[in-house]
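Participant: These protein sequence lines map, in sequence, to chains B and S.
Here the working numbering is used: the first residue of the first sequence is 66, the next is one more, and so on.
Here the working numbering is used: the first residue of the second sequence is 66, the next is one more, and so on.
Careful: at least some of the hints might be erroneous.
Unchecked claim - When the alpha-carbon atoms are kept at most 30 Å apart in a straight line, the in silico DSSO-like pairs for lysine-lysine are as follows:
#, chain 1, residue 1, chain 2, residue 2
1, S, K71, S, K257
2, S, K71, B, K241
3, S, K114, S, K241
4, S, K332, S, K141
5, S, K332, B, K71
6, B, K71, B, K204
7, B, K141, B, K257
8, S, K71, B, K204
9, S, K205, S, K114
10, S, K257, S, K205
11, B, K324, B, K204
12, S, K204, S, K71
13, S, K114, S, K71
14, B, K71, B, K241
15, S, K141, S, K241
16, S, K204, S, K241
17, B, K71, S, K324
18, B, K114, B, K205
19, B, K71, B, K114
20, B, K241, S, K241
21, S, K205, S, K141
22, B, K71, S, K114
23, S, K204, B, K71
24, S, K71, B, K205
25, S, K141, B, K141
26, S, K257, B, K71
27, B, K71, B, K141
28, B, K257, B, K205
29, B, K141, B, K205
30, S, K141, S, K204
31, B, K241, B, K257
32, S, K324, S, K204
33, S, K257, B, K241
34, S, K71, S, K329
35, B, K257, S, K329
Said to hold, decoys possible - Restraint-style ranges between C-beta atoms, simulated for each label pair:
#, chain 1, residue 1, chain 2, residue 2, range
36, S, L201, B, R259, 42 to 48 Å
37, S, R197, B, K205, 53 to 59 Å
38, B, K205, S, T183, 54 to 60 Å
39, B, R103, S, E394, 31 to 37 Å
40, B, D272, S, D206, 30 to 36 Å
Don't read these hints as lab results, they were simulated from the structure.
Bear in mind the structure is a predicted one, so any value in this text is a computation, not a measurement.
Every residue, glycine too, gets a C-beta built ideally from N, C-alpha and C.
The chain contents come next:
There are 2 protein chains.
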Amino acid sequence: MPELRKDPITGRWVIISTDRARRPSDFAPETVSISRSRFCPFCPGNEDKTPPEVLAYANEALRGQARWSTRVVPNKFPALRVEGELDRQGEGLYDRMNGVGAHEVVIESPDHEATIATMDEAKVAEIIWAFRDRVLDLKKDRRLRYMMLFKNHGAGAGASLEHPHSQIIALPIVPKRVQEEIDGARRYYEFKERCVYCDILRQEARDDERVVIRTEEFLTLCPFAARFPFETWIVPQRHESHFETISEREVYNLSWTLKTILRKMDKVLERPAFNLMIHTAPAQEPASSHYHWHIEIIPKLTRVAGFEWGTGFFINPTPPEEAARFLRE
Amino acid sequence: MPELRKDPITGRWVIISTDRARRPSDFAPETVSISRSRFCPFCPGNEDKTPPEVLAYANEALRGQARWSTRVVPNKFPALRVEGELDRQGEGLYDRMNGVGAHEVVIESPDHEATIATMDEAKVAEIIWAFRDRVLDLKKDRRLRYMMLFKNHGAGAGASLEHPHSQIIALPIVPKRVQEEIDGARRYYEFKERCVYCDILRQEARDDERVVIRTEEFLTLCPFAARFPFETWIVPQRHESHFETISEREVYNLSWTLKTILRKMDKVLERPAFNLMIHTAPAQEPASSHYHWHIEIIPKLTRVAGFEWGTGFFINPTPPEEAARFLRE
């Protein structure tokens, strides 16, 4: 019998098909393979093909290959621009605003063929530090209310360049889905006087059915009301609303965790395309007791029927308990 | 300068890239082409390969080819089942419910290669009648609170069979995005004492910038805060919250409108895959002054970065004014 499950944070119901559960081999994912064939603007030597960098690290160990190990540059084709005033205007019943914001690219490595799953841990840690440092810098601009950190890996997940990179979009508004998560977490807090994510951590650790990786610093799990097959969250054990408060210990632990879960996905799902998003609290708001930053990873396994966008209604053919079992093994 | 626009119903902001607006030729849509190669369970003669029909029309003109012109059958692999009680259960902080509901397939024509764009108007009208009749029947079951009517056209839009068909999912809950639209429309009504969709109809008809087709019964437009390039809505001129109240005159007008807009999309966008959704009010609720049923059509033109699901944040590279201009011509 199929089952309807409710996400305890947002209140969204999803259908979990328990009858004809799909195993990894039932999907035909597009395996991401990297072929250094065409000109790549992110490779060392082509630094003049991107706008000037806003951040660069030069790790000792990498000096031989390139003069940088991680670079952050403004997106050459930005969705938003930093210049200009935040001008809000009405037009009959409609509202519009200037597209003020920032759009940056984190070039994760000089190595065109590296992936987080195959990089060494120190390299992954460096990328996390770059995220942290850019958020700390961008939030000084009080117009920027939300920093979206995300990674599209593989063409199937929307990446237009294959050189390893992530993106940062700094927005003058808080996106609706993020606000919804925050509002849901606040309602739970008002009712229970506890953080819903902290409660999830406790219940998942006890049940152990949906846990994939457990460390002192992070719990990696397939969520109870997963929208997508093999959807996976990485939740810090320590309650903190803002990603940028991450500690040194957590950075190193997260870099191991990230590598491990992506290596597991590569193995179980044959190097799938994926989207990775950091969910964090709005930049200009103080630390909150109800929201808890975390990472969501969604491998692209199915050619999703776009009607989910229109209705917010998801049918997931792989119960998260099964997904977790495959990823644990 | 890119622009942020707010959807007047849901309050969702989207980025409209006005700088580097993408024209139809900038997309590389996967053209949907139909090739009758493999065995098709929806073709005449294979009626025993589907569960027994719950509705069938036999149009005079079609009697030669098949004993039916439109057939509705339960989905052989349903996401939900009609049997059983609506059993709600808790499990720690989680909630689950039996997957009670219905999942039906509307086989739109005996002709494997027909599409709505190429069918004759009377045929399209018959499909709309089938939708209406199934909703009227399903809503007798008081457990079913929402009927989702949708069509995935082409593999790129999630269709697994190419024979022309649509789907009906009857749910024991109201999906979150639908509820959000209803709540947004209610807030507008409380504030203005007018329906937001009726106001949109008036403003769009006057501005004329985003209108694609205008008839006495329906306005077809690219919405102000379109999430996707060439996203198109068909809104009935007469205020009515529930689709199933559609009049005979409206059915015939809608069949012409649907054919016309899909033919235009086929021409301008090279037979794209698309999703079509009917947005209507919850089945068990009385007619409301604030909600207004309508159709949304989303051609699949870009390989969307899945992070939109995670954040609810959309970047649309084609301003709806441009999209409407291309579709009008």
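Participant: Can you list which hints this structure breaks, lowest number first?
Facilitator: Of the numbered hints given earlier, those the structure breaks are 3, 4, 5, 6, 7, 10, 12, 13, 17, 19, 22, 25, 26, 27, 28 and 35, listed in rising order.
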